[in-house]
Amino acid sequence: MATLAQNHGPSHPRHALEPSIAHSLNNHPQSQLAASFKEKHTALVSLLDKPVSACYAPSDIDTLMALPEPDLLSVKEAFIKPNRIPAIHATAPPGLVPVPRLTFTAEDQRTSLPRTILSPPFKIGFSKSYGQAVQLNKDSIAVLSKTGKVDSGTFLFEADETPYACVIEAVWKGKLCEECLRFLPAKAHKVVVCPGCDQNALASKPTQSAATGSEASQAKFCSEECLTQAWKSWHGYECAYQKELEQLCQRTRLALRTYWKDCQNHLQLLPSGASAESTVSSLTTAAAGLSLVNNNSPRITDVDGSTILPTQLCSNFTQLDSVRGMSFLMTGYYLEHLFSLPSNSALELAHLQALIQFNSFAIKSRMTETHDGSGVVNRVEDFSIGSGLYLLASMFNHSCAPNAMVVFGADGRNSTDESKSAYRAGVSDPRAINVITTSTLKVDKDLPVLLEISYGPQGGRMATEERKACLQRSHLFECNCSACNDRYAGTITKKIYKCPSKGYACRAMAEEDVKCPTCGVEVDMTARRKMHQLMGRLLADSQDPSLSLSAQLTLLKTLESAQSKLFVNTSMLYGNTCDQLAMVYAQSGDLAQSIEWCKKALKVVVVHFPHDSIEVAQETLKLAGLLFNNSQPKEAMKQIRIAITLYKGHYGAASKHPDLLELYEMERVLEPIVRS
Numbered sequence: 001m002a003t004l005a006q007n008h009g010p011s012h013p014r015h016a017l018e019p020s021i022a023h024s025l026n027n028h029p030q031s032q033l034a035a036s037f038k039e040k041h042t043a044l045v046s047l048l049d050k051p052v053s054a055c056y057a058p059s060d061i062d063t064l065m066a067l068p069e070p071d072l073l074s075v076k077e078a079f080i081k082p083n084r085i086p087a088i089h090a091t092a093p094p095g096l097v098p099v100p101r102l103t104f105t106a107e108d109q110r111t112s113l114p115r116t117i118l119s120p121p122f123k124i125g126f127s128k129s130y131g132q133a134v135q136l137n138k139d140s141i142a143v144l145s146k147t148g149k150v151d152s153g154t155f156l157f158e159a160d161e162t163p164y165a166c167v168i169e170a171v172w173k174g175k176l177c178e179e180c181l182r183f184l185p186a187k188a189h190k191v192v193v194c195p196g197c198d199q200n201a202l203a204s205k206p207t208q209s210a211a212t213g214s215e216a217s218q219a220k221f222c223s224e225e226c227l228t229q230a231w232k233s234w235h236g237y238e239c240a241y242q243k244e245l246e247q248l249c250q251r252t253r254l255a256l257r258t259y260w261k262d263c264q265n266h267l268q269l270l271p272s273g274a275s276a277e278s279t280v281s282s283l284t285t286a287a288a289g290l291s292l293v294n295n296n297s298p299r300i301t302d303v304d305g306s307t308i309l310p311t312q313l314c315s316n317f318t319q320l321d322s323v324r325g326m327s328f329l330m331t332g333y334y335l336e337h338l339f340s341l342p343s344n345s346a347l348e349l350a351h352l353q354a355l356i357q358f359n360s361f362a363i364k365s366r367m368t369e370t371h372d373g374s375g376v377v378n379r380v381e382d383f384s385i386g387s388g389l390y391l392l393a394s395m396f397n398h399s400c401a402p403n404a405m406v407v408f409g410a411d412g413r414n415s416t417d418e419s420k421s422a423y424r425a426g427v428s429d430p431r432a433i434n435v436i437t438t439s440t441l442k443v444d445k446d447l448p449v450l451l452e453i454s455y456g457p458q459g460g461r462m463a464t465e466e467r468k469a470c471l472q473r474s475h476l477f478e479c480n481c482s483a484c485n486d487r488y489a490g491t492i493t494k495k496i497y498k499c500p501s502k503g504y505a506c507r508a509m510a511e512e513d514v515k516c517p518t519c520g521v522e523v524d525m526t527a528r529r530k531m532h533q534l535m536g537r538l539l540a541d542s543q544d545p546s547l548s549l550s551a552q553l554t555l556l557k558t559l560e561s562a563q564s565k566l567f568v569n570t571s572m573l574y575g576n577t578c579d580q581l582a583m584v585y586a587q588s589g590d591l592a593q594s595i596e597w598c599k600k601a602l603k604v605v606v607v608h609f610p611h612d613s614i615e616v617a618q619e620t621l622k623l624a625g626l627l628f629n630n631s632q633p634k635e636a637m638k639q640i641r642i643a644i645t646l647y648k649g650h651y652g653a654a655s656k657h658p659d660l661l662e663l664y665e666m667e668r669v670l671e672p673i674v675r676s
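Taking the working numbering as reference, the numbering of the sequence shown is continuous, increasing by one, and the terminal residue is 676.
Treat the hints as calculated values from the structure; they're not laboratory data.
Watch out, some of these pointers could steer you wrong.
Heads up, simulated DSBU-like pairs for lysine-lysine below, C-alpha to C-alpha not over 30 Å straight-line [as the list claims (entries may be wrong)]:
1) LYS515 to LYS530
2) LYS502 to LYS515
3) LYS187 to LYS149
4) LYS232 to LYS187
With beta-carbon atoms standing in for the labels, derived distance ranges [what the hints assert, rightly or not]:
5) LYS138 to SER631: 45 to 55 Å
6) GLY520 to VAL45: 34 to 44 Å
7) LYS149 to LYS175: 18 to 28 Å
8) VAL607 to LEU547: 23 to 33 Å
Idealized CB from N, CA, C, for every residue including glycine.
When you get a sec, could you build the whole thing from the sequences and use the hints?
Spelled out as structure tokens, the structure:
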């Protein structure tokens, strides 16, 4: 992958851009052109990481945005070298071997990589209407035997999949191991710090104000094994550049990790003859399966997913708008220069950034929090601890009404009773991913039954138009799933306003209603906008982590009061505030108030999501836990049993999901109390 063809073409003088700019001036009023350039300039700078934008003068950014398509030669000419002179080869600390050189020959290219495969009831299929996707395998005996159904809670992978490449979220750096994403040892002397970070940082020559290595920029690991593995696969290349890498966004860092892995596997996205003279569109067209239009033919030959390569994932680079495409190319060249990569690696890195944008997963980990030392859990939340590229998991299509969901770590197939306690002790791998069915699936003799996950937007959480716009913007496709095609689906999420005169005596109103459809009273839109601005400020202020619990409660209660005057009590905005109030009251020790607000939040969730959805299950678990901790055994037992039924429906009766284990434990404690 890494050694692309050297550029032997002529230089690309900047004055060569002038004819196209002059042509544009002849066809547009100068004021419109200036406004367009200003808008694109602002958009491009906002997309670029800080160290990248610092390498381009503002006037050069305007010139680059005037190009008809991203052009590497122009990017190279505009590039201003960064302050720090990179060390071409990082020094390997004692005990660590030098990292492999980045070389590539076509004869060495891999044809497959070892990984998990799909379970027998499932396969990777293809259709002109939906492209490559995971579906029920009608030819599988396991599916057709007995009922011809696949139960809810069925895992789709034979074993959990580990990431092809992954990177820690910046906020967790120094708390989690940068290789395996487990918690670092509690005792500081047991934390393994890379001895080469400071040493290699000093090998680079900083200019006057550039800082050398510091403790904050050192890579930290939970064990010597993780340090050794990280050094071989990615840290050996990055060790001298911790300061620069800390300023890059998650997508850029993951693209770089994927680049190192591809180099070691002798893989490349772009044709081996690629050079700076090639246009981005011509390169993408020449590379198999890289654009949206090329998804109309099969790319995966093995139905179990055993031979998927990162080069077979869609990057959709040519579908990007010019601003984002240019930002990826500029970032790619910055990385090529910083790391002294083979000539024109910028093109490869630009496509990798696009591939990561459309194929990466946020790695989620569920964590609990207590405040008073009593051991009573008053906050359980999923945190994004990193992001990863998973080749098999990337085969799933999106639906706003999904019938499968992604699970990580101890929620996966590899978990057992013993590994649950091991997971809590930080032994299980939190990066491991699997996909699990969330509803019972029945084989259709005539039509393929697709297994679909949500890329983020889901029916009930967002209005249909909002979901479709979000997916078009983030993933470049127009969603036509069952939820988006249901013309009645968005009604309940749209009608969120109370009549300004008679409140609940009238029917709920939509945002576009200028009059109450029941009594005809006019809506003061100016007052509504001001109320929205006030609520926005209150919400933002209430999220300040430095606030005391009492100050946070005051802001949230003021927000709830404002929302209750404007919205019906089943709106999602109101429900989210109720949920936050429940959490803060629990943190302050007032469980009775927390329970009341949790009940209001649950009411909203039940209105917006199916009665057997995972959202209802999770909110019911919250209420059950609060009732349990507040010594209300009968009410708690009722909610516990409802939640157990819902969770079993999603994860299966034999599941060892942490939430189910928590519910079983509460049920065990309460059974003798309720019976007596």
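**Report entry** Earlier hints that do not hold, by number
**Finding:** Hints 3, 6 and 7 are the ones this structure does not satisfy, whereas the remaining hints hold.
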